[in-house]
Structures are given as structure tokens and as C-alpha cells.
Amino acid sequence: MTRYVAWLLGALLLAPVAARAQGKLNVMTTTEDLASIAREVGGDHITVESISRGYQDPHFVEAKPSFILKLQKADVLVVVGRELEIGWLPPLIQQSRNSKIQPGAEGYVDASMQASILEVPTAQVTRAMGDVHPLGNPHYWMDPENGKRVGKEIADKLSQLRPADKAFFQQKLADFSTRLDAAEKRWLEQMAPYKGTKVVTYHRSFPNFAERFGLDIIGYVEPKPGIPPSPQHTLDLINEMKRQNVKLVLVEPYFDLKTPNAIGRETGAQVLVLPPSVGGIIEITDFFKLFDYDINLLVTAIKQVGAK
Amino acid sequence: MRATRLFACASLIAGACALAPANAFAQESPQALRQEIDQLRKDFEALKQQYGDRLTSLESKLAAAEGPPAPAVPPTEAPAAAAAPTPPAAQVPPGTEGAGGAAGALPTYGSAVSGSKVFNPDMAMIGDFLGAAGRNTVNPSPAMEMHESEMSLQAVVDPYARADFFVSFGEEGVNLEEAFVTLTELPGGLLTRVGKMRAAFGKVNTLHNHILSWTDRPLVTQNLVGGEDGIDDAGVSVARLIPNPWFFLEATGQVFRGDSGDLYKSSKRSDLSYVGHLRGYHDISESSNIDLGFSYSSGHNDAAANIVNENPLGDFKTQLYGVDATFRWKPLQRSLYHSFIGRSEFIWSRRDQPNGLQASTGFYVSGDYQVGRRWYTGARLDRSDRATDSSLTDTGASFIVTYWPSEFSQVRAQYRRTNYALAESANEILFQFQFSIGAHGAHPF
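Protein sequences, first through last, are from chains A and B. Each residue of the first sequence is one higher than the last, beginning at 0 in numbering that gives the first Met the number 0. Each residue of the second sequence is one higher than the last, beginning at 0 in numbering that gives the first Met the number 0.
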């Protein structure tokens with residue numbers, strides 16, 4: 000019996016490796032936001048797929064073996080970085096058996112390298128502060144300016160890997176940046192009358208968005224990052240919201256609405272499910288629609304509650 | 000600084016050369032060409048002068064500033080970008096950042112050599128405290144014990160490998176639980192490990208204590224697969240993905256020295272033990288999936304050790320066969336709050352002994368449901384024959400409640416009833432307190 004098992008295993012281990020065609024660059028990203036930006040700058044010269052979905056919490060993605068198969072065939076892996084994926088990406092990369100996408104290898108792109116990162120701790124960090132990210136807040140893509148920087152990061156990598164297509168990628172990047180600039184101008188105009196509107200968010204997912212579009216985040220439903228709401232903190236938050244007359248609570252689609260709704264009832268604030276990612280709801284199919292949707296939702300709500 | 004200037008000059012010259020031929024084609028007169036070159040040379044001299052002046056002024060400014068050299072960020076860029084650490088060279092590695100300044104270069108104390116601490120491995124320590132109440136005459140555990148403190152050290156070795164060490168400090172001393180190097184760059188997609196490791200036999204055998212959803216290990220593991228440490232031995236492991244269009248399929252082959260607790264005993268070099276594992280995985284939907292495994296293992300057992308004479312009855316071997324199945328459900332959008340894992344393993348043991356072959360069977364079936372963000376409940380049914388006497392069968396049932404204050408700690412209570420073959424039944428309540436510090440480990444799947 001031992002012999003048969005040994006033979007079987009031997010045969011399986013020596014089975015031929017699937018041939019891989021040299022064609023379009025196969026780009027994997029960890030989130031749908033990065034996938035959307037990669038699609039903008041790579042056009043039809045690349046194939047793109049995201050590991051996580053926009054409606055799931057990017058901190059807690061399951062390291063499913065089916066992702067190993069996808070990473071095995073990837074030429075490029077684009078990650079959000081700043082330790083956002085630390086809980087699930089390392090084992091996937093390790094088991095991918097793909098030397099191209101190991102951290103530090105040619106096909107590994109940390110999209111945060113040129114981005115403007117907020118909330119970088121300036122003092123000792125301990126987990127008493129909750130699940131803090133020692134390298135700064137990883138939700139930096141919620142700012143069109145950072146979108147452009149991420150686009151450049153990806154376009155440069157694609158150009159490096161396919162020098163013959165460099166002009167194409169740079170042209171696509173220039174086009175993406177121009178359209179994003181135009182859209183950003185429009186979004187800023189939409190938000191301009193409501194500059195300084197005070198809001199509360201569930202998790203710290205929106206600092207870059209708030210800074211760019213002039214929202215004032217005065218508190219969080221979570222007492223500390225990654226720590227679920229506690230009664231005492233909720234009470235304090237309600238009092239603070241009443242004192243400052245805060246009329247909006249922004250919640251990511253993957254959080255439970257029970258506590259935010261209770262806060263809404265107590266304070267008269269409106270609870271908005273604000274997707275922080277492409278794919279957060281079906282209508283948001285790309286990076287532009289993400290801001291279109293979020294800003295429309297915000298402006299409509301602010302008008303309704305008359306908040307300031 | 001000088002190098003930068005030289006580089007700038009060189010690149011300017013290169014640029015000029017690249018431009019020149021284009022102009023030559025445009026205007027064919029050599030006179031015009033010469034003028035063109037003279038003009039270029041003048042421009043170049045002017046640029047060089049300007050560049051040099053700017054550099055000297057910068058240098059003097061830097062010298063005057065005295066303090067830590069601030070990264071020269073182009074003033075035109077968004078000022079917020081300055082807050083971000085500059086690209087790779089000055090990047091502070093994950094985990095070490097909190098101790099020093101927030102951004103930029105690492106502080107170096109004493110000589111420049113101490114910068115090598117950035118290469119320290121990711122370290123973590125997980126404490127596992129156990130308590131027990133009730134009566135158990137067969138396998139009594141103490142009322143309270145610091146069962147295990149597991150230290151992990153993990154880092155990349157070089158461009159070709161990474162290393163993982165797991166050392167556990169228990170009541171009886173220090174145990175090297177696992178220590179292996181993983182070769183990531185081998186051709187043919189072979190994932191190779193060399194060192195001491197938990198063998199790929201089934202599911203529970205591969206898991207460390209802190210990842211289990213119980214405070215103990217199932218009866219079948221205790222009776223047939225070497226107890227708490229399981230098959231954990233020094234050897235070589237090779238795993239490969241089998242390409243096919245339908246699902247994830249991985250084959251693993253492992254060769255070990257042949258010493259694993261009371262399961263395998265090696266008396267000479269050729270007494271190796273072997274483990275083979277085939278794992279299939281398939282996504283049923285984006286929120287549910289199924290994981291199937293078949294395992295085989297063989298090695299020499301310790302039955303011969305009881306015979307005083309020079310082993311007259313030949314080698315005694317143990318062969319193990321295993322089947323494991325796991326069903327997982329986790330809705331993506333509410334993954335923080337609800338999930339279910341159902342799991343079962345069947346194991347058949349065939350153990351040669353002086354009194355004949357013992358063919359024993361055992362299994363467990365378990366289910367764990369996540370009720371809310373911090374609460375889990377679970378149950379497990381156990382049944383297993385004893386490896387050395389298949390006529391003796393132990394059975395058990397457990398109910399478990401787990402509370403997670405955060406990702407980094409958990410409190411657990413387990414009611415366990417065990418019906419032993421030759422002793423009175425045991426009713427126990429087991430407690431567990433787990434806490435981890437250090438590097439953020441990956442969540443188990």
C-alpha cells in the first residue's frame with residue numbers, strides 16, 4: 000500500500016506544469032479600487048482582477064486557496080499597503096509559488112508608496128489604542144489626488160515590465176489624470192457650500208475623503224479602531240453630537256447598523272451607508288462612480304438635515 | 000552631492016546626444032549643425048552653472064540646519080505628501096515603526112551597524128492559560144496551568160527562502176514545536192520545507208493549539224495520531240498544485256526521521272516515516288466553500304521496544320489513513336458578525352504488535368457558529384478506539400462558548416463529557432484564556 004501511495008504522489012508531483020502564454024500582463028489587486036485604477040491605466044493591454052470585494056471589510060478577507068490559484072498566475076500584484084492586508088495576504092503570497100509577486104520582487108507594487116498618508120503615529124503605538132496601523136491610515140484611496148498617485152505607481156510598473164507599451168500606459172495615465180482632475184473640480188464645487196460639515200463615522204475609513212472635501216469628523220462609532228461599540232462610548236458620542244449639533248453618521252457597508260441607528264434616533268442624525276470602495280454597492284463600478292455616488296449621497300443628505 | 004552633480008551632467012549630455020541626430024536630419028548643412036552644437040554647449044554650461052550654484056546653496060543651508068537631514072521634497076508638490084515616508088530606501092519595516100519617529104529614516108544608535116536591527120524577524124508571543132473543574136480519573140489536567148507560551152520568529156532569509164520558528168514554553172520545559180525553512184524559488188511550483196514541522200496529516204494535526212476552536216484536541220487525535228503534539232518531526236516536505244480547470248488541488252509528500260511522540264519510534268536510520276496528503280478545495284459561492292483531504296502516513300511504532308531480545312519478530316509498523324472534510328460559510332458583507340465552520344475527520348489506524356494487528360477507527364464531527372462580532376458557540380462529538388487495543392472505545396461530547404475581546408485575545412469555556420472504555424465517565428468544565436502580543440499574525444483559514 001505504501002508503495003502505491005508513494006507512486007501516486009510521485010506522479011502527481013511530477014505532472015507537467017501548465018504552459019503559460021506570454022500575452023497581456025495579468026494584474027491582481029487586493030481591492031476593487033486598485034483594480035479600477037489599474038484598468039484605467041492598463042486599458043486592454045492587461046487583465047485585472049481583485050481579490051476582495053468592495054462590500055467586504057478589507058482588513059478581514061479570508062485567505063481562500065482559490066486565491067492562491069489566481070496569485071500563482073499573476074504577473075503583477077498591487078496591494079494597498081500600510082499593513083491593511085497583513086491579516087490575510089502574507090500566507091497567500093507565500094503559497095502562491097510565484098516568485099514574481101513576492102514582496103520586493105519585480106511584480107509587487109505597494110500602491111501607497113507615493114500617496115499622501117494621514118494619521119501616521121508620531122508617538123509610541125500600543126494595541127491599547129486598538130488595531131492601529133503603525134504605518135498610517137491605509138484608507139488613503141478615498142482622495143482623487145491619491146488616485147492619481149496610485150495610477151502613476153501602477154503605470155510606471157506596467158511600463159517597466161512591458162517597455163514596448165510604455166507610451167500606451169503613460170498616455171492612459173495622462174488621460175486618467177486629466178479626467179480625474181476635471182471630475183475632482185466638479186466634486187469640490189458640489190461640496191464647497193457644505194465645507195466644515197460635522198460628521199461621525201463608524202471606522203476611520205474617511206480621513207482622506209474628509210480632508211479633501213471639507214468634512215469635519217468629530218468622532219467615531221468605534222471607541223477605538225477595530226474595537227466594537229461599547230455602551231459608554233456610544234453615550235459619550237451621543238452627548239458630543241448633541242452638543243456640536245452633528246446630523247450625519249457615515250457607516251461603511253460591512254458594519255452592523257444597530258448602534259448607528261440607535262445614535263441616529265437619539266440625536267436626530269441621519270445614518271448614511273457610505274461605500275468607501277468601488278463595488279461597495281452594485282452601481283459603483285469604477286473609481287469615478289465611487290466619488291460621484293458618495294458625494295451625491297452626502298450632498299442630498301446634508302440638504303435634508305440642514306446640517307452645518 | 001558630487002555624484003548627483005556628475006549624474007546630472009551625464010544625463011544632460013546623453014540627452015543632448017539623443018537630440019543631436021534628430022536635428023542633423025532636419026537640417027543638413029554642417030554649418031547649421033555646428034551652430035546648433037555651440038548653442039547647446041552654451042545652454043549646457045549655463046545650466047551646469049545654475050545647477051552648481053543651487054547645490055552649493057543647498058549644501059550650506061543643510062549644514063546650517065544641523066538637525067536631522069529633512070528629505071528634500073519638491074516644494075511644489077502637495078505638502079501633505081511630506082508626511083508620508085519616502086519610497087523604499089528609507090522605509091521603516093512593518094512593526095518596528097512605533098518605537099521610533101513616525102516617518103523617514105530609522106534612528107541609529109551607536110555605530111551605523113546597529114541599523115541591522117531592521118532585519119530582526121517578526122516576533123510574537125501567544126499565551127495559553129488553561130483551567131479545569133470536575134472529575135477525570137483517566138486524563139486529569141491541573142486546576143490551572145500556564146499550558147503553553149508559544150513564541151514565533153518569522154522572517155525572510157534571503158531572496159530564495161523564508162524561515163519560521165515556533166518555540167513553546169510549557170509546564171514541562173521548552174519544546175521546539177516547529178522550525179523550518181520554506182524555499183519559495185524552486186522551479187516547477189514546488190513549495191519545499193525543510194526542518195521540523197507538523198505533518199500534513201489531516202486538519203487538526205497541522206494546527207497549533209491557539210488556532211483550534213476547542214481547549215483540547217479531539218479523542219481521535221489523542222488515541223490514534225500521537226496526542227497533543229501529533230505527527231511533528233524533522234524532515235522534508237514538498238507540495239505542489241495540480242493544475243486542473245475545476246478546483247484547487249494540492250499534493251503534499253513528506254519524509255520524516257520517524258520519531259513522533261508515542262506514535263512512531265525510529266530505532267535505526269532507515270526507520271523513516273512518510274506522510275502523503277491530497278487536498279481539494281472548491282468555492283461553492285463567494286460565501287461558502289468546501290475543503291476535502293485524504294491523508295496517509297506510515298512509520299515504525301514502539302511495539303518492538305517492549306521486547307527484550309534483539310527484535311526477533313521483525314519490524315512493527317503503524318499505518319494511518321485519514322479523510323477530512325470542512326464546510327465553511329461566511330457572508331462577505333457581514334463577515335465580521337456571522338460565520339459557520341463544520342468539520343469532520345475520520346482516521347483508520349493499522350498497528351502491528353507482537354499480539355497481532357490492531358485495526359482501530361476514530362472520528363470527530365464539529366460545528367462552530369459565530370453568533371455576533373465577539374461570540375462563538377460550538378459543539379464536538381468524539382469517538383475513537385485505542386490504537387493498542389481496538390476493542391476499547393472512548394466516546395465524548397463537548398459544548399464550547401468563546402468570547403473575543405479583540406483580535407488579540409480570547410476567553411473560552413468548554414463543557415466536556417468523556418465516556419472512557421475502562422473507567423468511569425468524566426464530566427468537566429474547561430476554561431481557556433489566550434492572549435497574543437507582538438507582530439500581527441495572519442488569520443487562520
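Hints in this document: simulated from the structure, not taken from any laboratory. Remember, predicted model here, so these are calculated numbers, not experimental data. Glycine is no exception: its CB is placed at the ideal position from the N, C-alpha and C atoms. There's no promise every hint is true.
[Said to hold, decoys possible] With a Cα cut of at most 20 Å, we get these calculated EDC-like pairs of lysine to aspartate or glutamate:
#	chain 1	residue 1	chain 2	residue 2
1	A	K69	B	E177
2	A	K72	B	D351
3	A	K99	B	E184
4	A	K72	B	D367
[Claimed, not checked] Coverage of chain A stretches by chain B, computed from C-beta distances (three or more under 8 Å per stretch; other residues unrestricted):
#	stretch
5	32-41
6	52-60
7	64-70
8	215-228
9	248-257
Hint-by-hint comparison with the structure:
With a C-alpha separation of about 29 Å, the suggested pair A:K69 and B:E177 falls outside the 20 Å cut-off, and the hint is violated. In summary, the hint linking A:K72 to B:D351 is not supported, as the alpha carbons are separated by about 46 Å, beyond the 20 Å threshold. Restraint check for A:K99 and B:E184: the C-alpha separation of about 10 Å stays at or below 20 Å, so the hint holds. With a C-alpha separation of about 34 Å, the suggested pair A:K72 and B:D367 falls outside the 20 Å cut-off, and the hint is violated.
Check on the stretch 32-41 of chain A: 0 of its residues sit with their Cβ under 8 Å from a Cβ of chain B, so the three-residue criterion for coverage is violated. Under a criterion of three residues with beta carbons nearer than 8 Å to beta carbons of chain B, the stated coverage of the stretch 52-60 of chain A is upheld, 5 such residues being counted. Using a Cβ-Cβ cut-off of 8 Å, 4 residues of the stretch 64-70 of chain A lie near chain B, which meets the minimum of three, so the contact claim holds. Interface restraint, the stretch 215-228 of chain A with chain B: holds (3 residues with C-beta to C-beta distance below 8 Å; minimum three).
Check result for the stretch 248-257 of chain A against chain B: holds, 4 residues qualifying (beta carbon to beta carbon below 8 Å, three or more required).
In this structure, the hints that do not hold are numbers 1, 2, 4 and 5, in rising order.
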